[in-house]
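Chains as they are written, first to last, in our numbering: chain U, 1 to 108; chain F, 1 to 252; chain C, 1 to 554.
Certain hints may be false.
[Claimed, not checked] The list that follows gives simulated cross-link-like pairs (lysine-lysine, DSS-like), each with its CA atoms no further than 27 Å apart: (1) Lys158(F) - Lys129(F); (2) Lys18(C) - Lys498(C); (3) Lys169(F) - Lys246(C); (4) Lys350(C) - Lys246(C); (5) Lys246(C) - Lys136(F); (6) Lys215(F) - Lys121(C); (7) Lys79(U) - Lys24(F); (8) Lys177(F) - Lys432(C); (9) Lys158(F) - Lys134(F); (10) Lys121(C) - Lys24(F); (11) Lys177(F) - Lys134(F); (12) Lys350(C) - Lys432(C); (13) Lys246(C) - Lys134(F); (14) Lys24(F) - Lys108(F); (15) Lys24(F) - Lys215(F); (16) Lys136(F) - Lys169(F); (17) Lys134(F) - Lys108(F); (18) Lys76(U) - Lys158(F); (19) Lys215(F) - Lys169(F); (20) Lys158(F) - Lys169(F); (21) Lys501(C) - Lys432(C); (22) Lys136(F) - Lys108(F).
[Said to hold, decoys possible] Example chain U residues on the side facing chain F (calculated, C-beta under 10 Å, incomplete): (23) Leu30; (24) Ala41; (25) Phe45; (26) Thr75; (27) Thr81; (28) Thr88.
The set of hints was computed from the structure by calculation and includes no laboratory data.
Built from N, CA and C at the ideal position, the CB exists for glycine as well.
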Amino acid sequence: MSEQSNIIDPEHANHHIVSPLVYFAVYITLLACTGLTVWAAYQEFGIFNPVIALAIACFKGTIVILFFMHVLYSTKLVKLTVFAGFTTFLVLIVMTMLDYFTRAWGRW
Amino acid sequence: MDSQTLTTSTAVAVEHHSHPSYQKHHFETEGQQREAASLGMWVFLLTEIMFFGGMFFAYLLYRNWYNAAFVEASRQLSIPLGTANTAILITSGFAMALAVWSAEVRKKNLLVLFLILTNIFGLAFLCVKYVEYKEKWEHRHIPGIRYSIEEFVHPLLKSNGTTELEGAKALPVDTAKQTEMFFFLYFAMTGMHALHMIIGIGLLCMYTVLAARGKYTNGYVAPIENFGLYWHFVDIVWIFLFPLLYLINRHG
Amino acid sequence: MSATIVSLPDQSTARLPKVNYLNNEHGLLSWLLTGDHKRIAVLYLISTTFFFFVGGAAAALIRMELLTPQSDLMAPDTYNKVFSAHGLVMVFLFLVPVVPAVFGNFLIPIMIGAKDLAFPKINLLSWYLYMIAGTLMLATLIFGGVDTGWTFTTPLSTHYVNTNVVSAGMAVFVAGFSSIFTGLNFIVTIHRMRAPGMTWFRMPLFVWAHYAASIQMVLGTPVVAIAIILVILERTIGIGVFDPTKGGDPLLFQHLFWFYSHPAVYIMILPPMGVISEVMSTFSRKRVFGYTAVAFSSVAIAVFGFFVWAHHMFIMGISSYSALVFSLLTMLVAVPSAIKIFNWSFTMYKGSITFETPLLYAFGFIGLFTVGGLTGVFLGTMGADIHLTETYFIVAHFHFVMVGGGLMGYLAAIHFWWPKMTGRMYPETFSKLAAVTVFIGFNLTFLPQFILGYMGMPRRYAAYPPEFQVLNVLSTAGATVLGLGYLLPMIYLVWSLKYGKIAGNNPWQATGLEWQIQSPPLTENFLVTPIVDHDAYDYEWLAHQTPREVTTVG
Numbered sequence: 001m002s003e004q005s006n007i008i009d010p011e012h013a014n015h016h017i018v019s020p021l022v023y024f025a026v027y028i029t030l031l032a033c034t035g036l037t038v039w040a041a042y043q044e045f046g047i048f049n050p051v052i053a054l055a056i057a058c059f060k061g062t063i064v065i066l067f068f069m070h071v072l073y074s075t076k077l078v079k080l081t082v083f084a085g086f087t088t089f090l091v092l093i094v095m096t097m098l099d100y101f102t103r104a105w106g107r108w
Numbered sequence: 001m002d003s004q005t006l007t008t009s010t011a012v013a014v015e016h017h018s019h020p021s022y023q024k025h026h027f028e029t030e031g032q033q034r035e036a037a038s039l040g041m042w043v044f045l046l047t048e049i050m051f052f053g054g055m056f057f058a059y060l061l062y063r064n065w066y067n068a069a070f071v072e073a074s075r076q077l078s079i080p081l082g083t084a085n086t087a088i089l090i091t092s093g094f095a096m097a098l099a100v101w102s103a104e105v106r107k108k109n110l111l112v113l114f115l116i117l118t119n120i121f122g123l124a125f126l127c128v129k130y131v132e133y134k135e136k137w138e139h140r141h142i143p144g145i146r147y148s149i150e151e152f153v154h155p156l157l158k159s160n161g162t163t164e165l166e167g168a169k170a171l172p173v174d175t176a177k178q179t180e181m182f183f184f185l186y187f188a189m190t191g192m193h194a195l196h197m198i199i200g201i202g203l204l205c206m207y208t209v210l211a212a213r214g215k216y217t218n219g220y221v222a223p224i225e226n227f228g229l230y231w232h233f234v235d236i237v238w239i240f241l242f243p244l245l246y247l248i249n250r251h252g
Numbered sequence: 001m002s003a004t005i006v007s008l009p010d011q012s013t014a015r016l017p018k019v020n021y022l023n024n025e026h027g028l029l030s031w032l033l034t035g036d037h038k039r040i041a042v043l044y045l046i047s048t049t050f051f052f053f054v055g056g057a058a059a060a061l062i063r064m065e066l067l068t069p070q071s072d073l074m075a076p077d078t079y080n081k082v083f084s085a086h087g088l089v090m091v092f093l094f095l096v097p098v099v100p101a102v103f104g105n106f107l108i109p110i111m112i113g114a115k116d117l118a119f120p121k122i123n124l125l126s127w128y129l130y131m132i133a134g135t136l137m138l139a140t141l142i143f144g145g146v147d148t149g150w151t152f153t154t155p156l157s158t159h160y161v162n163t164n165v166v167s168a169g170m171a172v173f174v175a176g177f178s179s180i181f182t183g184l185n186f187i188v189t190i191h192r193m194r195a196p197g198m199t200w201f202r203m204p205l206f207v208w209a210h211y212a213a214s215i216q217m218v219l220g221t222p223v224v225a226i227a228i229i230l231v232i233l234e235r236t237i238g239i240g241v242f243d244p245t246k247g248g249d250p251l252l253f254q255h256l257f258w259f260y261s262h263p264a265v266y267i268m269i270l271p272p273m274g275v276i277s278e279v280m281s282t283f284s285r286k287r288v289f290g291y292t293a294v295a296f297s298s299v300a301i302a303v304f305g306f307f308v309w310a311h312h313m314f315i316m317g318i319s320s321y322s323a324l325v326f327s328l329l330t331m332l333v334a335v336p337s338a339i340k341i342f343n344w345s346f347t348m349y350k351g352s353i354t355f356e357t358p359l360l361y362a363f364g365f366i367g368l369f370t371v372g373g374l375t376g377v378f379l380g381t382m383g384a385d386i387h388l389t390e391t392y393f394i395v396a397h398f399h400f401v402m403v404g405g406g407l408m409g410y411l412a413a414i415h416f417w418w419p420k421m422t423g424r425m426y427p428e429t430f431s432k433l434a435a436v437t438v439f440i441g442f443n444l445t446f447l448p449q450f451i452l453g454y455m456g457m458p459r460r461y462a463a464y465p466p467e468f469q470v471l472n473v474l475s476t477a478g479a480t481v482l483g484l485g486y487l488l489p490m491i492y493l494v495w496s497l498k499y500g501k502i503a504g505n506n507p508w509q510a511t512g513l514e515w516q517i518q519s520p521p522l523t524e525n526f527l528v529t530p531i532v533d534h535d536a537y538d539y540e541w542l543a544h545q546t547p548r549e550v551t552t553v554g
């Protein structure tokens, strides 16, 4: 009975058990990315240095969220929740920066 | 149509099957309880994102305003220690993920082992942090408490005349004063992070003891799973803190 | 669609149920350690009422001081402490928690067919955090108060005052966590604990409103928490984050503070709006017009509410370009609220209207909130705001929305669900008298303040130019009437606990699952999990309920 599904088995959530091999692969990737970001910090990429550092950090964060925190295997609701959290965080950053960037317009 | 009266116990709407001992009475099924607990932890992590978010914004602002001071101040942080701490925390996260797996496949001894490993690496992280904080205290780089800009105006020199910290440049006095802002952000963000680690370690001790009694290897995985979410979140915060605080412009 | 006339069995044969959530356990500990959402709601009812009167006492002092142009009743510094107390207590200890913690707690599980909220222990923790926050706030007031205003504006709060900013900040911090846990509980409950057949679009609009407010509680409150921590660190250690001499920006605090405090005003108004939806439908015997629009407008308010906070900072030194953007966005956020007002009005069209007290308060809400909301649009216009901000125009605006809107919604809720919570009816004549008194008193208090603000009287000042005195005296007279209007329910509601008529299941002939169970409800709400096969506000369904004996347990 689909009407009861929201209490018996919300969104037919599967009980997917992630294998330790996947965790190991993620672990090695995270360590490698850490080394990469330290290496990149000593290189001269000009304005892209902070961009690269943040991009690597975002990638690391993403694989922790997807695999260690099981979001890849989770319900749509959990994925939506994570998305909402980061969106609100971005709203805080971007819209507050809107004020600071435009204060000394042209003199930043 | 004779509608059901809701205060008399006639036709039963949902088949009542026996439920596990750990299922709370206000949930209809164990699956509902697990999903609710997981969603609850995720919503709590949302609040944590926004809580750290305020400090990340402050960091973004002041790093842009006082870039030169932030570069020199960041040079004071030890990259070997920071990298080691990152590796330690990532390993602790790996151990936690394996702990969750152990609970899911109902292997009690593995679960206890991985919880203990997670704890050990967490404690190691805090020890390294203590070493770093102590060094900051000795150099008088704790904002608001005897803060000194001396080492920025006159960088420490080795006996052969080169700067002790590679690439260090002397700053004019008014720029040097802005380094206090970097250290305030450093201590506020890593301090708040360390506080979350301490709370996590305390909870881990409790979970280890209960896991040893077999509480989480009979199907009741949710507390371990949800604690794992918290622990990984704290890990992610550090994943961002490390490059932002330690790796500002180490080139040139 | 016109009204459906429903006739349920005569409530005069109703008996109080022998077993209900109030009497199934006895003793103080059964209340202090309860997990029952209904008992926690009652605990909140008592404590929020207490803090309402604390805040009200501060308001009385403010209005007494403002009877005369000089600051003769109290020194200006003391006056600053009094209005700060009024703001802090009323915002953080009353308006933010009251409708969610009292009525959301009590009703949401019942309305969706659940036995309790998802996390009963966290619910109890919320109440204890609220009590700790209240105690900290009272301690702050007793030990000399705080005089920064409820907004803790930097650098005043960090560098220029010597009052109890730290303990007031801690009280707000703890209250914030109480709010976060309540919101968290509601979100998980609404997503995961709905009964079979209770789809999202069959839920009462009261639940939608609380869902939207909970999203704001969860996402916004942590930002003010970190802002307060930074203020405390700045005051105690002197870190420099908001200190211009150390390179900090005082405006950073305001950005972080208002990032929460603007959504906070929607946290304060969305739950009462949910109440109005229920009341309007019940007393027009008609489904809410445009259910989907009202539901989505609640969510729209919650989302857009996060994009407009800097309209509180137009004159504080933000860039004019960003002020322009925020001003435009503020215009947008008014639209969903207007949609609701239209829909409630159209709900009454061709309805079968009876004028019980909850509907009187709902009328008050619609009129006063409209005035307050429209003046908000004036203030969102950057050009007008330059002149009107920090004057009594602002004070009038937010009292119209918060008190004329929010508090009226709360009073409507108290009268509407009193029979359900206690099993007793309140005396209708006295309650109508109180409602009219409140309405008259409110208008007399706050309408003059619009004029005062427009004429230039600044807010937060103990002394003012003599030409403003007449309007101030009028306002104080109104405040006296208003205070009387608030005291009357205290008296007759308590009286009704012993002497009120027995209510029975459904004295209002309302739809909604809460009206299909006994008054007061059982601890587990339902003996059998309901299966829902009808929409919300389905009076046809209610009319076709077979007439049955008014059922109780025991």
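Hint check:
no.: 1; hint: Lys158(F) - Lys129(F); in the structure: holds, 26 Å
no.: 2; hint: Lys18(C) - Lys498(C); in the structure: holds, 15 Å
no.: 3; hint: Lys169(F) - Lys246(C); in the structure: holds, 21 Å
no.: 4; hint: Lys350(C) - Lys246(C); in the structure: violated, 66 Å
no.: 5; hint: Lys246(C) - Lys136(F); in the structure: holds, 19 Å
no.: 6; hint: Lys215(F) - Lys121(C); in the structure: holds, 20 Å
no.: 7; hint: Lys79(U) - Lys24(F); in the structure: holds, 26 Å
no.: 8; hint: Lys177(F) - Lys432(C); in the structure: violated, 65 Å
no.: 9; hint: Lys158(F) - Lys134(F); in the structure: holds, 22 Å
no.: 10; hint: Lys121(C) - Lys24(F); in the structure: holds, 11 Å
no.: 11; hint: Lys177(F) - Lys134(F); in the structure: holds, 21 Å
no.: 12; hint: Lys350(C) - Lys432(C); in the structure: holds, 24 Å
no.: 13; hint: Lys246(C) - Lys134(F); in the structure: holds, 24 Å
no.: 14; hint: Lys24(F) - Lys108(F); in the structure: holds, 23 Å
no.: 15; hint: Lys24(F) - Lys215(F); in the structure: holds, 15 Å
no.: 16; hint: Lys136(F) - Lys169(F); in the structure: holds, 19 Å
no.: 17; hint: Lys134(F) - Lys108(F); in the structure: violated, 39 Å
no.: 18; hint: Lys76(U) - Lys158(F); in the structure: violated, 58 Å
no.: 19; hint: Lys215(F) - Lys169(F); in the structure: violated, 57 Å
no.: 20; hint: Lys158(F) - Lys169(F); in the structure: holds, 14 Å
no.: 21; hint: Lys501(C) - Lys432(C); in the structure: holds, 16 Å
no.: 22; hint: Lys136(F) - Lys108(F); in the structure: violated, 42 Å
no.: 23; hint: Leu30; in the structure: holds, 5 Å
no.: 24; hint: Ala41; in the structure: holds, 4 Å
no.: 25; hint: Phe45; in the structure: holds, 8 Å
no.: 26; hint: Thr75; in the structure: holds, 7 Å
no.: 27; hint: Thr81; in the structure: holds, 5 Å
no.: 28; hint: Thr88; in the structure: holds, 6 Å
When each numbered hint is compared with the structure, violations occur for hints 4, 8, 17, 18, 19 and 22.
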